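Engineer: Using the hints provided, position chain U relative to the given structure of chain F.
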Amino acid sequence: MVLIISGIGTLIFIYAGGYLQGDPRIGRFYVMILIFMAAMLGVVLADSLLLLFVFWELTSISSFLLIGFNHESEQSRRSAQQALLVTGSGGLALLAGLILLATAGGSWQISVLLHQQTAVTTSPLYLPALILILLGAFTKSAQFPFHFWLPNAMAAPTPVSAYLHSATMVKAGVYLLARLHPVLGGTGEWFYGLVIVGGITAVLGGYLSWWQTDLKRIMAYSTVSALGVLVLLLGIGTKIAVEAAMLFLLVHSLYKGGLFMAAGAIDHETGTRNVRRLAGLARQMPFVFVGITLASLSMAGIPPLLGFIGKELIYEATLEPETAVWQLLLTALALLTNIFLVAASGVIVIKPFLGQPNEDTVQPHHPAGLSLWLGPLLLGLLSLGLGLFSNSTLVAKWLLQPAATAVYGHDLVLKLGLWHGLTPMLLLSGVTIAAGAGVWWLHERWRQGVMAVDAALAPRLGPEALYDRGFDGLLRLADWLTVRVQDGFLRHYLLWIVGTTVVLVGTALLRGKTAVMPSQDLIPGPNEILLTLVILGAAWMVVQADSRLAAVAGLGVIGYSMALIFILYGAPDLAMTQFSVETLTVILFVLVLYKLPTFETKDSTPTRLRNVVVSLLVGAMMTGLVLAANAIPASTHVTDFYSENSYVLAKGHNIVNVILVDFRGLDTMVEITVLSVAAVGVYALIHTRKQQQETAVEERRSES
Amino acid sequence: MEFVTPTINILIVLPVLLVAGGGALLMLLELFMAEERVKQWAPTLAIIVLALAFLQTIGLWGQTHTTFTPEGSSPMVILDNFATFLNVIFLLTGFFTVLISVNYLPRVGLNRSEYYMLMLFSLSGMMLMGMANDLILVFLALEVLSIPLYILAGLSRPRPESEESAMKYFFLGAFSSAIFVFGIALTYGATGSTALPAVLAGVSNGGALALAGVAMMLVGFGFKVAAAPFHMWTPDVYEGAPTVVTAFMSVGAKVGGFAAMLRVFVSAFGSLGQTWVPAVAVIAAITLIIGNVVAIVQPNIKRMLAYSSIAHAGYILMAVAASVNSPDGVSAALFYMFAYLFTNLGAFAIAIAAERKLGEGVMLDDYKGLAKRSPLLALAMAYFMLSLTGIPPTGGFSGKFFVFRATLEAGLVWLAVVGVITSVVSGYYYLRVVYLMYMYDGEGELHTKPALLTAVALTVLATLVLGLLPGAWYEITKQAALQGLQVLAGG
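Which chain is which? The protein sequence lines are F and U, in order.
Residue numbering for the first sequence follows our numbering, starting at 466 and increasing by one per position.
Residue numbering for the second sequence follows our numbering, starting at 5 and increasing by one per position.
In case anyone wonders, no lab produced these hints; they're calculated from the structure.
Note that the structure is a prediction, hence the values are computed from the model and not measured.
Just so it is clear, CB atoms sit at the ideal spot from N, CA and C, and this is done for glycine as well.
Take the hints with a grain of salt, since some may be wrong.
[As the list claims (entries may be wrong)] Pairs of lysine to any residue, SDA-like flavour, derived with a Cα cap of 20 Å:
(1) U:K376 <-> F:Y495
(2) F:K704 <-> F:A789
(3) F:K1060 <-> U:K372
(4) U:K43 <-> U:V112
(5) U:K376 <-> F:T568
(6) F:K1155 <-> U:P162
(7) F:K704 <-> F:E654
(8) U:K482 <-> F:T568
(9) U:K43 <-> U:E147
(10) U:K372 <-> F:E654
(11) F:K1060 <-> F:D1011
(12) F:K1060 <-> F:L1125
(13) U:K43 <-> U:R161
(14) F:K1155 <-> U:R161
(15) F:K1060 <-> U:M171
(16) F:K704 <-> F:G658
(17) F:K1060 <-> F:A1016
[Claimed, not checked] Now the stretches of chain U that chain F is said to cover, found in silico as 3 or more residues with beta-carbon under 8 Å:
(18) 131-137
(19) 405-411
[To be verified] Listed next, with one range per pair, are the computed distances between beta-carbon atoms:
(20) U:A28 <-> F:W961: 34 to 40 Å
(21) U:P454 <-> F:I1151: 42 to 48 Å
(22) F:T1050 <-> U:W65: 35 to 41 Å
(23) U:P454 <-> F:P1071: 40 to 46 Å
(24) U:A28 <-> F:S1141: 14 to 20 Å
(25) F:Q1156 <-> U:W65: 47 to 53 Å
(26) F:F954 <-> U:E364: 22 to 28 Å
(27) U:Q44 <-> F:L1074: 55 to 61 Å
(28) F:E1159 <-> U:P454: 40 to 46 Å
(29) F:V1077 <-> U:P454: 37 to 43 Å
(30) U:P379 <-> F:R1166: 54 to 60 Å
(31) F:L931 <-> U:L383: 32 to 38 Å
Isolated chain F (complex conformation) (with noise of 0.2 Å):
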């Protein structure tokens, strides 16, 4: 993998100087991109899992702005946008799943977890952390259904694509999957998880790659589906799938590089990459041609390439399973996938390289130069190369071997040729290149229909199409929100706060069912009764008045029902106390409302009935808290000092008054200083406001 990200990383710096030639902005491109490799580096060396969670999400950052590279279009800035925020979700998921992971194994090393497969596959914890670390890995790696935002990322610069969506980044979660292989893997959920998802998403990203148009698209396609392959082949997991898996993240790293770099030639000399105006482009970009033709043969899998291995290796693994169903499923599944791949490669070179020139087709401005065609070129002579000396010790020995024994967690033997006699792979392999060449053959009278029946799909079906409505949902919900709930109003606001403090303290009483009935000396006589009466008029007024003159006189009338409630019961201090607060209150309103206009407007009537309902929950949430303060008997310790020590301690018969200039003398002291303070500076307000409306008047006077 390292190999990888600094091979193809470097390839990726002289081709961008050649793609980018000229734009002020390549001096950002270069940090940006020295930004990514820096972290994917990190991802792939770190034994830390937070370390590596801390690379990936860098690698998502930076991706987000190398995608939105060209800010200036609204196109790149969606599609920025849409990569970070499904990467980044998935990323967020699979930190949750690493805690478990972590929690599980009793460590946050991977070198350590490594040895801790009994104790994390047979956790609790196990599936919901296989689940949120497959949903990082999966939106990562593209997988289905959220394979959507790669083709989209293609707004990138094409060499960010060539190396980000390509060769590296994509990778990541392919490579923590395969390196949490040994921990997670060997499961039964770990199998039908990979293995479903990976199927689709390989079928799928091959059946939409060709027949795009777009070049870039039509990789990006492509490159979804080998993803694909690559999470099926790891969820097979025995030792010719991991074999297979780890030679074809080579394979294609080294094609999808090398085909993203000519893309990127033929777009920046001739300045489109539709395929269909394109043609002939052999004779003006040999270097490019030969490059892309390699990388082509390899996705296709044409022998002696590096990509015919790899597939002979892919149909063994999937050959391999024990049951026939599932031996005639995968296979079926990597043999659908791979016609694909065929139709695609075969779209990508033949028309645009060797087809005949027309008039609407685009030709280059200017022979691509060194940089541009030294990448693919390359990359596709290393296809060949490792290709031919598949079976010699530096290819199978040093490179793939510990590859795949990490992975596959014991040791293991690598053996690599391109001829293995007469197998069912080769008539594969065969069976493969033929269908795929039938496909292509096909594929400009298909594409019409395909496309067709794919517009009137996606927009209903297509996970995008999903995501979009998700993204719109979103913005609509804030919006219902600000202007439902936070709409500037305080009764609405107080109503919010009382309903669900209502809510609170009506589930809290009904959790703690100790409320009782009133006991028999609570039964009100005929004195209450009436009283009740009057109460309930009163509150009938207050709600039914017209001016609010009449509302306070009724909420009036209720305080002074309630004092002789209070009366009844022998309490005449409390019912003291509340005849002067009443009267204070209502002359208190009186006054501020005498400056108030009239109502204008009365609420509506499902208005009004909202707040009878809230008023009728509180009333019952009082009641409750009352009954429920009546269960619990009274303390009378408090009670018993006062009336024992009152006179002994404090001469006094009266207890409150005894209480409030004695025993609590200080205290009564302390509230008269504050008062009096408070008293000082209403009247200083008042009197200044009073100087201010005189000096108002002067000014005016002087004015005139």
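Structural biologist: Coordinates of chain U only, in the frame set by chain F:
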């Protein structure tokens, strides 16, 4: 009758006294000095007072003291690592607030000498919130914290927005305080005491009344920390109040609310966890959703940061909900607040630099092209936005990491999922600021004075340190969390 004086150890409350005394001194100075001179000296004086209090507070780290012990009862005030740690947060909040206010207030024509005084008074209330060991003291501290804030919100009188915000804040605040006191009364009725250790002892047998008391206190705290659905005042008040006040409020008042909430709920009501944890978890989830979703459509940076602060209250509430069943809950909350302090104040510092006149230059569109005009400040702002989103390597990420871990440890997997999803949503509006700064062109000047730049530099540094070396700092919060609860349980 002999008069029993409670034992008082002044040393313990000295930091609070210093801060409150500084406020009183400022008030008195006005009587003897020309107003202009007072205005000139007020920030310096405030800094000196805060520095003294800070030194005193640091000196108390690792010690546990109680004081104001009435006879036959538990101490009213407790100073343990929990309180000391929170005091550090409050004093730093005060310090940064002064730094960002010095030049802002004269610039927008709000240089009133009472500003620093009110801020110091409010700070003293916040500090008491963490030290209160008695529900009555919690309430007192809450009011000392709130009343100056009501006035501060209306500081730019006669601007209607400011007056409206002060009015709303005051009404709703008074209302929720009333509910809070009601809750205290019910708890007292159920347990026979307002002292936290006695409440802890009696609350399990308190029945429905105790539960109702808990519910009402939850409403009171929920209002102070701006949790949904008690959050409605926040955007209106944050928008209307002068930006420096908003900055102060968004950190100070919130952390103050959580300080008391943690102590009361986790320790005194810990045994009722089965009942209140689900409620707090649901409130946390609603807060996360509302805060993060509604923030998306806000065109005004102050409103956006208001909703963002609501969302962050949600994350801290996650930690509160986790703190009963996970040993990491309280320390995660403390760490989160510590990181939030720097990140949020830093972001506000830049918002203040970008504010042209009072209430102008606060729209998100005003941030267009900031990167060209002032690359360093734009970089700092981008860094703060990343930290608020929770992207490594920032203090915000470390905080979220600890909170999510605690939530998962406590078995609240669904809440962690909500937290994760809403974090993703939050990326949308935070990164939009970055996006506007870097990908558009725009004009408008920035007001950068040395004091403000110092604040930005220090907050960036702190966010970076918390992002790169979270382990060491987490150990400190761990110490702060454990002792706070052990002492109470034993006392």
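Engineer: If a hint holds in the structure, say so; if it doesn't, say that too.
Structural biologist: Going through the hints against the structure:
no.	hint	result
1	U:K376 <-> F:Y495	holds, 19 Å
2	F:K704 <-> F:A789	holds, 19 Å
3	F:K1060 <-> U:K372	violated, 47 Å
4	U:K43 <-> U:V112	holds, 15 Å
5	U:K376 <-> F:T568	violated, 45 Å
6	F:K1155 <-> U:P162	holds, 18 Å
7	F:K704 <-> F:E654	holds, 18 Å
8	U:K482 <-> F:T568	holds, 19 Å
9	U:K43 <-> U:E147	violated, 26 Å
10	U:K372 <-> F:E654	violated, 49 Å
11	F:K1060 <-> F:D1011	holds, 17 Å
12	F:K1060 <-> F:L1125	violated, 38 Å
13	U:K43 <-> U:R161	holds, 18 Å
14	F:K1155 <-> U:R161	holds, 18 Å
15	F:K1060 <-> U:M171	holds, 18 Å
16	F:K704 <-> F:G658	holds, 19 Å
17	F:K1060 <-> F:A1016	holds, 16 Å
18	131-137	violated (count 0)
19	405-411	holds (count 3)
20	U:A28 <-> F:W961: 34 to 40 Å	holds, 38 Å
21	U:P454 <-> F:I1151: 42 to 48 Å	holds, 44 Å
22	F:T1050 <-> U:W65: 35 to 41 Å	violated, 50 Å
23	U:P454 <-> F:P1071: 40 to 46 Å	violated, 58 Å
24	U:A28 <-> F:S1141: 14 to 20 Å	holds, 18 Å
25	F:Q1156 <-> U:W65: 47 to 53 Å	holds, 51 Å
26	F:F954 <-> U:E364: 22 to 28 Å	holds, 26 Å
27	U:Q44 <-> F:L1074: 55 to 61 Å	holds, 59 Å
28	F:E1159 <-> U:P454: 40 to 46 Å	holds, 44 Å
29	F:V1077 <-> U:P454: 37 to 43 Å	violated, 60 Å
30	U:P379 <-> F:R1166: 54 to 60 Å	holds, 57 Å
31	F:L931 <-> U:L383: 32 to 38 Å	holds, 36 Å
Violated hints for the displayed structure, listed by number in ascending order: 3, 5, 9, 10, 12, 18, 22, 23, 29.
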